[in-house]
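2 protein chains.
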Amino acid sequence: MKQPLAQADAEQLAVTLKALADPARLRLLSIVASSENSEACVCDLIDPIGLSQPTVSHHLKVLTEAGFLTRSKRGTWAYYRLVPGTLQQVSALLISE
Amino acid sequence: MKQPLAQADAEQLAVTLKALADPARLRLLSIVASSENSEACVCDLIDPIGLSQPTVSHHLKVLTEAGFLTRSKRGTWAYYRLVPGTLQQVSALLISE
Chain A
1 MKQPLAQADA
11 EQLAVTLKAL
21 ADPARLRLLS
31 IVASSENSEA
41 CVCDLIDPIG
51 LSQPTVSHHL
61 KVLTEAGFLT
71 RSKRGTWAYY
81 RLVPGTLQQV
91 SALLISE
Chain B
1 MKQPLAQADA
11 EQLAVTLKAL
21 ADPARLRLLS
31 IVASSENSEA
41 CVCDLIDPIG
51 LSQPTVSHHL
61 KVLTEAGFLT
71 RSKRGTWAYY
81 RLVPGTLQQV
91 SALLISE
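Listed in order, the protein sequences are those of chains A and B. Residue 37 in full-length UniProt numbering sits at position 37 of the first sequence, and the numbers go up by one each step. Residue 69 in full-length UniProt numbering sits at position 69 of the second sequence, and the numbers go up by one each step.
Just so you know, the hints here were simulated from the structure itself, not pulled from any lab data. Honestly, I wouldn't trust all of these hints.
Identical copies look the same in the list; a pair holds intra-copy or inter-copy alike.
Stated by the list, open to error - DSS-like, lysine-lysine: derived pairs with alpha carbons at most 25 Å apart:
1. Lys73 <-> Lys61
2. Lys2 <-> Lys18
3. Lys2 <-> Lys73
4. Lys61 <-> Lys2
5. Lys61 <-> Lys18
Starting from the given sequences, assemble the full structure and let the hints guide the process.
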């Protein structure tokens, strides 16, 4: 951050960082990101996180609304896939010129 | 994030991201980071942010406790200096292998 951030840019970045700033969401995102094809079924995310399905689904919704994940329904289950480049964009903003 | 994050690492990263996830704090950090010698007097931060001195001081305290800034008192005023590398560390964690 070698230039002062404008108010609108700061507000947008703060919303994105708030979506990330939760231990369960960071763990969920890291599990999806490290899964085959960067995709995971919600059914495979509940046990490793150790939270209830509604809570896991809430966190996944926050990450989806913030643009980190996309959701698709197949049969009974929802699958979440990492949106390529989103974490890199946030990372780049923090150290931008 | 190509490996699932451990709970302790996720908790630590979440605390750091929470400290950043506020528009006023992002703006303050960007102003300090872009000042000469990456240092600014609190007296020069109040006007650009448009918040009261106690509010600005509170935000600077959060950023200091999170390790982004150091504080030194000279005469009447406190000066805040960017801790080199802290933003880069957060940035690297988000896109780590």
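Violated constraints from the hint list, given by number and in increasing order = Violated hints: none at all, because every hint is consistent with the structure.
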